[in-house]
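Whole structure, please, built from the sequences with the hints as guidance.
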Amino acid sequence: MGNSVKGQRLVALFLLGGLLLNYPLLDLAAGDTLLAGFPVLYAYLFFVWGLLIVLMMLVVERGPD
Amino acid sequence: MLIAPFIVLASFGYVGLLFAIARYGDKRADAGRSIIANPYIYALSLAVYCTSWTFYGSVGRAASTGTGFLPIYLGPTLMAALWWYVMAKIIRISKANRLTSIADFVASRYGKSQLLGGLVTVIAIVGVVPYIALQLKAISASFSIILRYPEVIMPDKQGAPLFIGDNTFYIAMLLAAFTILFGTRHLDATERHEGLVAAVAFESLVKLVAFIAVGVYVTYGMYDGFADIFARAEDYPQLGTLLHEGGDSGRYSTWASLTFLSMLAIMFLPRQFQVTVVENVDERHLRKAVWLFPLYLLVINVFVMPIALGGLMHFPQGGVDADTFVLTLPMSVQQPWLILLAFIGGLSAATGMVIVETIALSTMACNDLVMPVLLRQRWLRLTERRDLSGLLLGIRRGAIVVILVLGYLYFYLAGEAYALVSIGLISFSAVAQFAPAIIGGIYWKGGTRLGAICGLAAGFLVWVYTLLLPSFAKSGWLPITFLSQGYFGTELLRPEQLFGLTDFDDITHCLFWSMLANVGCYVAISLARRPTGVEHSQAAIFVDALKTALPAARARLWRGSATVDDLLALLGRFIGPERAREALLAYARRHRVASPDQLKADAGLVHHVESLLAGAIGSASARVMMSSAVDEEPLSLDEVLHVIDEASQALAYSRQLEQKSVELQSATDELRRANQRLQELDRMKDDFISMVTHELRTPLTSIRAFSEILNAHADLDPPQRQKFLQVIIKESERLTRLINQVLDLAKIESGHAEWRAEAIDLREVIEDSATTVHQLYNERGVELRLELPHIPTIVVADRDRLMQVMLNLLSNAAKYCDRPDGKVEVKLDVAPEWLQIDVRDNGIGIAPADQDVLFEKFRQVGDTVSRPRSGSGLGLAICRQIIDHFGGRLWVESTPGVGSTFCFTLPRGAGIAHKSTAAGRDEHASHA
Numbered sequence: 094m095g096n097s098v099k100g101q102r103l104v105a106l107f108l109l110g111g112l113l114l115n116y117p118l119l120d121l122a123a124g125d126t127l128l129a130g131f132p133v134l135y136a137y138l139f140f141v142w143g144l145l146i147v148l149m150m151l152v153v154e155r156g157p158d
Numbered sequence: 006m007l008i009a010p011f012i013v014l015a016s017f018g019y020v021g022l023l024f025a026i027a028r029y030g031d032k033r034a035d036a037g038r039s040i041i042a043n044p045y046i047y048a049l050s051l052a053v054y055c056t057s058w059t060f061y062g063s064v065g066r067a068a069s070t071g072t073g074f075l076p077i078y079l080g081p082t083l084m085a086a087l088w089w090y091v092m093a094k095i096i097r098i099s100k101a102n103r104l105t106s107i108a109d110f111v112a113s114r115y116g117k118s119q120l121l122g123g124l125v126t127v128i129a130i131v132g133v134v135p136y137i138a139l140q141l142k143a144i145s146a147s148f149s150i151i152l153r154y155p156e157v158i159m160p161d162k163q164g165a166p167l168f169i170g171d172n173t174f175y176i177a178m179l180l181a182a183f184t185i186l187f188g189t190r191h192l193d194a195t196e197r198h199e200g201l202v203a204a205v206a207f208e209s210l211v212k213l214v215a216f217i218a219v220g221v222y223v224t225y226g227m228y229d230g231f232a233d234i235f236a237r238a239e240d241y242p243q244l245g246t247l248l249h250e251g252g253d254s255g256r257y258s259t260w261a262s263l264t265f266l267s268m269l270a271i272m273f274l275p276r277q278f279q280v281t282v283v284e285n286v287d288e289r290h291l292r293k294a295v296w297l298f299p300l301y302l303l304v305i306n307v308f309v310m311p312i313a314l315g316g317l318m319h320f321p322q323g324g325v326d327a328d329t330f331v332l333t334l335p336m337s338v339q340q341p342w343l344i345l346l347a348f349i350g351g352l353s354a355a356t357g358m359v360i361v362e363t364i365a366l367s368t369m370a371c372n373d374l375v376m377p378v379l380l381r382q383r384w385l386r387l388t389e390r391r392d393l394s395g396l397l398l399g400i401r402r403g404a405i406v407v408i409l410v411l412g413y414l415y416f417y418l419a420g421e422a423y424a425l426v427s428i429g430l431i432s433f434s435a436v437a438q439f440a441p442a443i444i445g446g447i448y449w450k451g452g453t454r455l456g457a458i459c460g461l462a463a464g465f466l467v468w469v470y471t472l473l474l475p476s477f478a479k480s481g482w483l484p485i486t487f488l489s490q491g492y493f494g495t496e497l498l499r500p501e502q503l504f505g506l507t508d509f510d511d512i513t514h515c516l517f518w519s520m521l522a523n524v525g526c527y528v529a530i531s532l533a534r535r536p537t538g539v540e541h542s543q544a545a546i547f548v549d550a551l552k553t554a555l556p557a558a559r560a561r562l563w564r565g566s567a568t569v570d571d572l573l574a575l576l577g578r579f580i581g582p583e584r585a586r587e588a589l590l591a592y593a594r595r596h597r598v599a600s601p602d603q604l605k606a607d608a609g610l611v612h613h614v615e616s617l618l619a620g621a622i623g624s625a626s627a628r629v630m631m632s633s634a635v636d637e638e639p640l641s642l643d644e645v646l647h648v649i650d651e652a653s654q655a656l657a658y659s660r661q662l663e664q665k666s667v668e669l670q671s672a673t674d675e676l677r678r679a680n681q682r683l684q685e686l687d688r689m690k691d692d693f694i695s696m697v698t699h700e701l702r703t704p705l706t707s708i709r710a711f712s713e714i715l716n717a718h719a720d721l722d723p724p725q726r727q728k729f730l731q732v733i734i735k736e737s738e739r740l741t742r743l744i745n746q747v748l749d750l751a752k753i754e755s756g757h758a759e760w761r762a763e764a765i766d767l768r769e770v771i772e773d774s775a776t777t778v779h780q781l782y783n784e785r786g787v788e789l790r791l792e793l794p795h796i797p798t799i800v801v802a803d804r805d806r807l808m809q810v811m812l813n814l815l816s817n818a819a820k821y822c823d824r825p826d827g828k829v830e831v832k833l834d835v836a837p838e839w840l841q842i843d844v845r846d847n848g849i850g851i852a853p854a855d856q857d858v859l860f861e862k863f864r865q866v867g868d869t870v871s872r873p874r875s876g877s878g879l880g881l882a883i884c885r886q887i888i889d890h891f892g893g894r895l896w897v898e899s900t901p902g903v904g905s906t907f908c909f910t911l912p913r914g915a916g917i918a919h920k921s922t923a924a925g926r927d928e929h930a931s932h933a
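As you go down the protein sequences, you meet chains L and P in turn. Whatever position you read off the first sequence (first residue = 1), add 93 for the working numbering. Whatever position you read off the second sequence (first residue = 1), add 5 for the working numbering.
No lab work stands behind these hints: they were computed from the structure. The structure presented is a predicted model; accordingly, all values stated were derived computationally and were not measured. Glycine is no exception: its CB is placed at the ideal position from the N, C-alpha and C atoms. It is possible that some hints are incorrect.
Label pairs and their computed distance ranges (CB to CB) [said to hold, decoys possible]:
{"#": "1", "chain 1": "P", "residue 1": "L14", "chain 2": "L", "residue 2": "T126", "range": "47 to 57 Å"}
{"#": "2", "chain 1": "L", "residue 1": "L151", "chain 2": "P", "residue 2": "G538", "range": "43 to 53 Å"}
{"#": "3", "chain 1": "P", "residue 1": "A42", "chain 2": "L", "residue 2": "R155", "range": "40 to 50 Å"}
{"#": "4", "chain 1": "L", "residue 1": "L151", "chain 2": "P", "residue 2": "R594", "range": "52 to 62 Å"}
{"#": "5", "chain 1": "L", "residue 1": "R155", "chain 2": "P", "residue 2": "K100", "range": "51 to 61 Å"}
Computed footprint of chain P on chain L, listed as stretches where at least three residues anywhere in the stretch have a Cβ under 8 Å from a Cβ of chain P [stated by the list, open to error]:
{"#": "6", "stretch": "97-105"}
{"#": "7", "stretch": "108-117"}
{"#": "8", "stretch": "126-140"}
Take a look at the structure:
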């Protein structure tokens, strides 16, 4: 699939995900608060995970071929 | 309803359904209308990653570590983003080189090394056996639990007999039977199993649906939604920590290492390689899989936390194993269909994993472990066997059984000590060892076979020591002191705290040390020696795979002879005669040849057949079979001699050329030297001419001048006229003399002079010359003395020339002896070999600097003011030429103010005769 823009964007998403879904950034989400009934950590993890997947979908399905 | 027979029936029914789907998939594939050739099925097939670990174990992990179950799924999500480059490259390489397993991939990259293929296979089998044991544990536990319905009782942990009587063993054997039916009905050259992929995609759906069903029921049926569960969990203090844990460094490293491990596992687990790479139909399917697969992972994990919390709240503390919540929660609320669905879901997850993983492992075991060994045993004469497809299938089936037995044994020995997830992580750590060799292999051309072998071996050994053996120790099969005190009681070698590293959990600890050893050895040993030719070419093929378009058929250097029939027979032995014929037919059609009979057994066809073979038995073994079957062997003796002949001819020719060029060189040098001499002579000639012209012009000018005066002044008085006439006469004489001398000198120098050879007495010559100059000496008042020996001194020479020399010397001596007591002495010395004549005078002498130039042409030395030029300056030059001609030497010894002695030697007898005769001969020759 070669050296396309999509590939590079995906690598960027990889780095972004690696940062957001790991400590120490993850520590920021720890705590006792509840977010709409969800524990912050739990909500943060699933939200970021879901967002990452959506972004990956957008990069692959849309954008320049 | 949920009684044993029904459950067993349901289980068989489900597996039967899977089997039916697989058959349908295969049939459609054979008919060319594949049902799996779409990206959604491809992405679903990748979900074989989720096993009973996901189905049961995640909940168990969440119940003890909260969000700690997640990294295993975040890792693959992140890795999927990199698939665009990495996985695409791997797929491209595998398709181009017809690689059918991880072992094949690694072996092919590092020079088609059978050793490496075998090593990878062993590591894969040993590493994945715990994972298979985990599935067995899940199935057997869920089976035991469901049988106790409606009571929720945990299975009995101890007391199960080994093999016979142990339900788990029966389950293992059943799974072996299913796997054999699924994967080893025939051999496919590409190792693709379309039916299997269809079945796996289906079971991925089933386990997803089942899990979500349980999750929805627990969250919305047993409680009032997510918020309700979380709020209620707050009331339990210990659950609070699960939800809100902060981090300490231990958690940091665990989280990161689990994420990293799962990133590697999604690539290098044999079943993942099988479904992602080998079963891939179209490269473009990978694109959708990049986000579809992570989406699946997210969806199947949404309800893990609620189920875990629900279970922890529902069951009294410690009563029910959290690994079973997915089954026991529905059981506790008496929902039979949900229970059955959950059970089937768990069964689906486990069987899917076992079938795909075991097929992948058995393929590797057959192609890369057993066959290479068997092919080497000459006594088996395998290369001569008619049909090997039966043998290959037999080996694969045997491998499947062996692997499942090993899985069962691990479960028996070590399975009870661990939670499901922990067992799985041990396997993850094992397959992670493939990462350096493979990732390095596709991006670094410097990776060598030895480096890969050492890296893999080192990493594997560290894994065994830090994870595998401790698992046996924790289950009681090795002394527990092994863990607390290390090997030989050395604390530094404690398997879970190697060299004092205590901060990490066992998985992170193993990951660190094994990767250190693996990468370290791989890089260091690869760099220690340069890659061989084969390694280098394979490295280039792999690393540069994306730079070239999909190659149609690589041209190959191939010397050998084979017929199409040979190739057909060879192929048939491995994949069956009908399939072999089909393959050749397809090849013929592709190359627009009417029928396979008209195919030529050229390099292209041979290469194609070899790749088909590689699909069946691995590339390394295919190489071996091919070369032995089609006489690709060494050239015949004749051909070798012919080649040597040609080579030696070429060598001789080049030597000749070398010689010629050397000769040419020396000839050129000679020419150059001759040219130089010619130029010199030319210069000398020019000098000579200019000098002679000058010398001639001087007297001519005087003669003309005085003649003109006489002519112009007829009335000149007689005395003056007389004086002028005298001058004219004298100058004419001088001119004549000069011209004569010049001609003389020229004649002598060019060798055209006439030399007469006669025997003469030198004493007579000297005396005669003395008489001749008598008048001159009287006029000048110089005494002349002769000192001559008393015996006759005979030489053979030219008398006149000798006279010429003597006269010249004597007159010179007189000229420069201008003093009252001037004395000239002539001495003749006789020695055995030569004669020496000295002419000594006590004149003014000659300065040392002038002594050399004296003999040059037109040179006169001395004070030109007091003694104007009276000679031509050629006398001594002529003398020297004459003496040289006779083979003698003429020189001067002089001290200024004292006198000068001119000496010349003449060789006696033979020398002179020779020279003069030779000169005479030359002259005659040139005049002839």
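Using the beta carbons of L151/L and G538/P, state whether their distance is inside 43 to 53 Å or not. holds, 47 Å
Is it true that the C-beta distance of R155/L to K100/P lies inside 51 to 61 Å, as the hint says? Cβ of R155/L to Cβ of K100/P: about 28 Å, so the range 51 to 61 Å is violated.
Tell me if chain P covers the stretch 97-105 of chain L under the three-residue, 8 Å CB rule, please? Coverage by chain P holds here, the residue count being 4 at a Cβ distance below 8 Å.
Given that the stretch 108-117 of chain L was listed as covered by chain P, double-check it with a C-beta distance under 8 Å for 3 or more residues. holds (count 6)
When you take the CB atoms of L151/L and R594/P, is the distance between them in 52 to 62 Å? violated, 43 Å
Quick one: are A42/P and R155/L within 40 to 50 Å, going by C-beta? Violated, since A42/P and R155/L (Cβ atoms, about 24 Å apart) do not stay within the stated range.
C-beta pair L14/P, T126/L: status relative to the range 47 to 57 Å that was hinted: holds, 51 Å
Do three or more residues of the stretch 126-140 of chain L come closer than 8 Å to chain P, measuring C-beta to C-beta? holds (count 10)
The structure does not agree with the numbered hints 3, 4 and 5 stated previously, though it agrees with the rest.
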